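Trainee: The residues making up each chain are set out below.
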Amino acid sequence: MVALLVLVSLTLISLDASGRGRSTLQGVRGAFNAVLAPVQSGIHAALRPVGNFFTGAVDYGRLQAENIRLRTELDRLRATEATSAFYQQQADQVLALQHLPFVAGIPKVTAQIINIGSSNFSASVTIDRGRSAGVLVGQPVVAAGGLAGSVVAVTAHTATVDLITDPTFVVGVSLPDHNTGSAAGQGPGDSMRVTVVPASAPVPKLARGEVLSTSGLQMELFPPGIPVGRIATVSVPPGELEPVATVTPFVNAARLGYVDVLLWSPQ
Amino acid sequence: MVPAVSPANAARLRIAAVLLCGIVVQTTFGADLRIGGVAPDFMLLLAVAGGLAAGPGAGAFIGFSAGLLADLSLTATPLGVYALSWCLVGFAVGWARLHVLPEGRPVQPLVGLAATAGGMIVLLVVGALSGQGAFTAAGKTWLVRVGMVEAVWNAALVIPVTAVMRRAARGTSGADRLGRTDALVAG
Chain A
1 MVALLVLVSL TLISLDASGR GRSTLQGVRG AFNAVLAPVQ SGIHAALRPV
51 GNFFTGAVDY GRLQAENIRL RTELDRLRAT EATSAFYQQQ ADQVLALQHL
101 PFVAGIPKVT AQIINIGSSN FSASVTIDRG RSAGVLVGQP VVAAGGLAGS
151 VVAVTAHTAT VDLITDPTFV VGVSLPDHNT GSAAGQGPGD SMRVTVVPAS
201 APVPKLARGE VLSTSGLQME LFPPGIPVGR IATVSVPPGE LEPVATVTPF
251 VNAARLGYVD VLLWSPQ
Chain B
1001 MVPAVSPANA ARLRIAAVLL CGIVVQTTFG ADLRIGGVAP DFMLLLAVAG
1051 GLAAGPGAGA FIGFSAGLLA DLSLTATPLG VYALSWCLVG FAVGWARLHV
1101 LPEGRPVQPL VGLAATAGGM IVLLVVGALS GQGAFTAAGK TWLVRVGMVE
1151 AVWNAALVIP VTAVMRRAAR GTSGADRLGR TDALVAG
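Which chain is which? The protein sequence lines are A and B, in order. Residue numbers for the first sequence follow this note's numbering, beginning at 1 and rising by one. Residue numbers for the second sequence follow this note's numbering, beginning at 1001 and rising by one.
Simulated from the structure, these hints should not be mistaken for lab results. On a predicted model such as this, the values are computed, not experimentally measured, just so you know. It is possible that part of the hints are untrue.
Unchecked claim - Residues of chain B placed beyond 12 angstroms of chain A at every Cβ, according to the derived structure:
1. Arg1014
2. Ala1031
3. Gly1118
4. Leu1123
5. Leu1157
6. Ile1159
7. Val1164
Unchecked claim - One-sided and incomplete, this derived list gives chain A residues near chain B with beta-carbon spacing under 8 angstroms:
8. Ile13
9. Arg29
10. Tyr60
11. Ser118
12. Asp128
13. Ser191
We put the CB at the ideal spot given by N, CA and C, even for glycine.
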């Protein structure tokens, strides 16, 4: 009996990992999640106050400190609100002149997050828009602030989005001096790891606080210009020339409520 | 006329219902119960409870089913990684319960702690063998934290969950065998 179960498990792992039976297994997974999604949505809405109470009870100190920080940040943002409109106008003009594709010009579908993944080894959410709304696997997902992730599975009315902190998530980013790099998620947590892609250009000097955006190079999976995050730390590993940096994403995955799915495919 | 359901089949239906409740709670409520960023793993808890309540054979089957439901709800790892891992945990706990562990609730939290730690190691080994870097991507500190938080959750909940699983598994050969063994020891 146990040997049979082990054999079945190994067969499933082998089929899924090798890709031979992947489409069938993904179909089974999709059907399972399609059945589960309405149940999750209903129960989650009903039990959310209990979860919030629990989270508040164990994280009270951190939430209080965050509240103070957010109030300070709100004051600062109010002060800069007036000038941001001017800068936005300038940015729009520059982009129009350069004929650059921009997220604002890409059709999008707004979706609500109906479930947050509870795995400790991946970072994903379920949204309430699926194939019927034009959502497809591979499409980028953005939220207020920047890149949030990409669609990895779709059912008729829901989709699973891997967040940018997921260990399997990688995105190309633009670096100074015409260099490019890749930013990869590191599992649950807030940071991404950036590595420089070696090129003929001079090795870029990364600086703390620098903003990174998607590079959108040929065959890239994301359109260019989506803000990804801000460099938090920079170091050069011993014996290496290229620096390695950690990036704090602009999108706080833990606080997502609504996201936009960009109906965009690589050109 | 409704055909009679055998005790073993009735037990299977009850166990299936418990497992479905488990995956619904895990996927809807698990993320809200994070402590230090770590969510509890109720499907591992059900595998441990299955072993404690129904012995090695049924424990392995309950663990496999619990893991398979966890696999189906995830997209990042190949289907079968959790099924294999929790199957081995259910079998190991059931074997230990049959041959080594005494009957009684006081020992169950310790089993919950040890089985969670063991389950984490099994998951890492299975993940590594199937080429999954996701389990180790966040580093050793994160793994230790996940193991500790999950172990505390499972130790705290293993007594009531095992009681539920014992009622559900009543009628299976494994649960009945454990019951007879306990009665013999007590008598």
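Trainee: Taking the hints in turn, state whether each one holds.
Mentor: Cross-check of the supplied hints:
1. Arg1014: holds, 19 angstroms
2. Ala1031: violated, 4 angstroms
3. Gly1118: Given that every Cβ of chain A is farther than 12 angstroms from that of glycine 1118 of chain B, nearest at about 16 angstroms, it holds.
4. Leu1123: Violated, since 9 angstroms does not exceed 12 angstroms.
5. Leu1157: holds, 14 angstroms
6. Ile1159: holds, 20 angstroms
7. Val1164: With a cut-off of 12 angstroms, valine 1164 of chain B remains clear of chain A, as the shortest Cβ separation is near 19 angstroms.
8. Ile13: Because about 4 angstroms separates isoleucine 13 of chain A from the closest Cβ in chain B, which is inside the 8 angstroms limit, the hint holds.
9. Arg29: Because about 5 angstroms separates arginine 29 of chain A from the closest Cβ in chain B, which is inside the 8 angstroms limit, the hint holds.
10. Tyr60: violated, 13 angstroms
11. Ser118: holds, 3 angstroms
12. Asp128: violated, 14 angstroms
13. Ser191: violated, 10 angstroms
The earlier numbered hints that this structure contradicts are 2, 4, 10, 12, 13.
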